[in-house]
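For reference, the chains in residue letters:
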Amino acid sequence: GEDVEQSLFLSVREGDSSVINCTYTDSSSTYLYWYKQEPGAGLQLLTYIFSNMDMKQDQRLTVLLNKKDKHLSLRIADTQTGDSAIYFCAESLDNTDKLIFGTGTRLQVFP
Amino acid sequence: EAGVAQSPRYKIIEKRQSVAFWCNPISGHATLYWYQQILGQGPKLLIQFQNNGVVDDSQLPKDRFSAERLKGVDSTLKIQPAKLEDSAVYLCASSSRDRPQETQYFGPGTRLLVL
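Protein chains in written order, with our numbering: chain A, 1 to 111; chain B, 1 to 115.
With the rest of the complex left out, here is chain B:
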């Protein structure tokens, strides 16, 4: 079974530029999550999708962050414009509603550096 795929793996941009990250979840997983992991901290949930609908985006800074999952499979997370404090690893995860106790499977992450 293929895992959660993310791209790019690394991105360096200057502040005020825009950036987008892509995630392909495990096949058949209806739920998709985006997390932000700042260096030295645990991951923090940004947004959760159930199929193509948003379940929880309470921690998403909506003035600059946006995310979509148009066909209920792949998802993109965008930052526009980026700030220095957005430097972090952005993790995508997916889960199956059939077996919630197995929780979320994580991708390798996209490491973003904002200069």
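So here's chain A without its partners, still in its complex pose:
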């Protein structure tokens, strides 16, 4: 079945690294995504990774994919107060555009 799980909350100090984790169950995922949602706003695509990759780096963001364990993580280096938001991981299923979202992780950055 399709199920994407995330921890609900993460609190970090400004300047530290944040690591947000996600597990998924469907082995036929084609792409895996990280979205950011700020209060009252829609979802903003941060980055994505193709399922045959194990790492992708984009400026302060690093995505790690462990396909064997069906585990995805997002590392934010030098976390800033502006990074405070809810982060959703999502998977797209093979040969479809359908996105399955996790429950979201609320990241709080304190000074």
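Any given hint could be a false lead.
Here are the simulated EDC-like pairs of lysine to aspartate or glutamate, each with C-alpha atoms no more than 16 Å apart in a straight line [to be verified]:
(1) A/K98 with A/E38
(2) B/K44 with B/E14
(3) B/K83 with B/D63
(4) B/K44 with A/D97
(5) B/K44 with A/D3
(6) A/K98 with B/D63
(7) B/K44 with B/D56
(8) A/K98 with B/D57
(9) B/K44 with A/E5
Quick list of simulated restraints, FRET-style, between CB atoms [stated by the list, open to error]:
(10) B/D74 with A/Q44: 20 to 28 Å
(11) B/P61 with A/D26: 21 to 29 Å
(12) A/R75 with B/S27: 33 to 41 Å
(13) A/D3 with B/E68: 30 to 38 Å
(14) A/N52 with B/K83: 37 to 45 Å
In case anyone wonders, no lab produced these hints; they're calculated from the structure.
Where is the CB? At the ideal position from N, CA and C, for every residue including glycine.
Starting from the known structure of chain A, fit chain B onto it as the hints suggest.
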């Protein structure tokens, strides 16, 4: 490039009333999606259009929800009659089939409260 537009941004209605939401996707995007996001949860796909045809409406409660995209551009989502459990944010998204790896661009959403 203008983003996905949605209106209204907020709506408060009483149960058993009707409500409609409007979405204008990014210009040239053939695929349009409606999601329901209940507080504390991730978005859940309600319906997906490819141009003006329905691709997937398996999660749409068809006894009360309907959606259309008559000319393959704008779309409306209607709830009739509304129930308390319909209180949620309704997100519209669009994507280009030419670059699927860039996935879906989301609008700001319509926040619905059913009393």
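So, going through the hints one by one against the coordinates:
no.	hint	in the structure
1	A/K98 with A/E38	violated, 23 Å
2	B/K44 with B/E14	violated, 23 Å
3	B/K83 with B/D63	holds, 12 Å
4	B/K44 with A/D97	holds, 13 Å
5	B/K44 with A/D3	holds, 12 Å
6	A/K98 with B/D63	violated, 23 Å
7	B/K44 with B/D56	holds, 12 Å
8	A/K98 with B/D57	holds, 11 Å
9	B/K44 with A/E5	holds, 14 Å
10	B/D74 with A/Q44: 20 to 28 Å	holds, 22 Å
11	B/P61 with A/D26: 21 to 29 Å	holds, 24 Å
12	A/R75 with B/S27: 33 to 41 Å	holds, 35 Å
13	A/D3 with B/E68: 30 to 38 Å	holds, 31 Å
14	A/N52 with B/K83: 37 to 45 Å	holds, 43 Å
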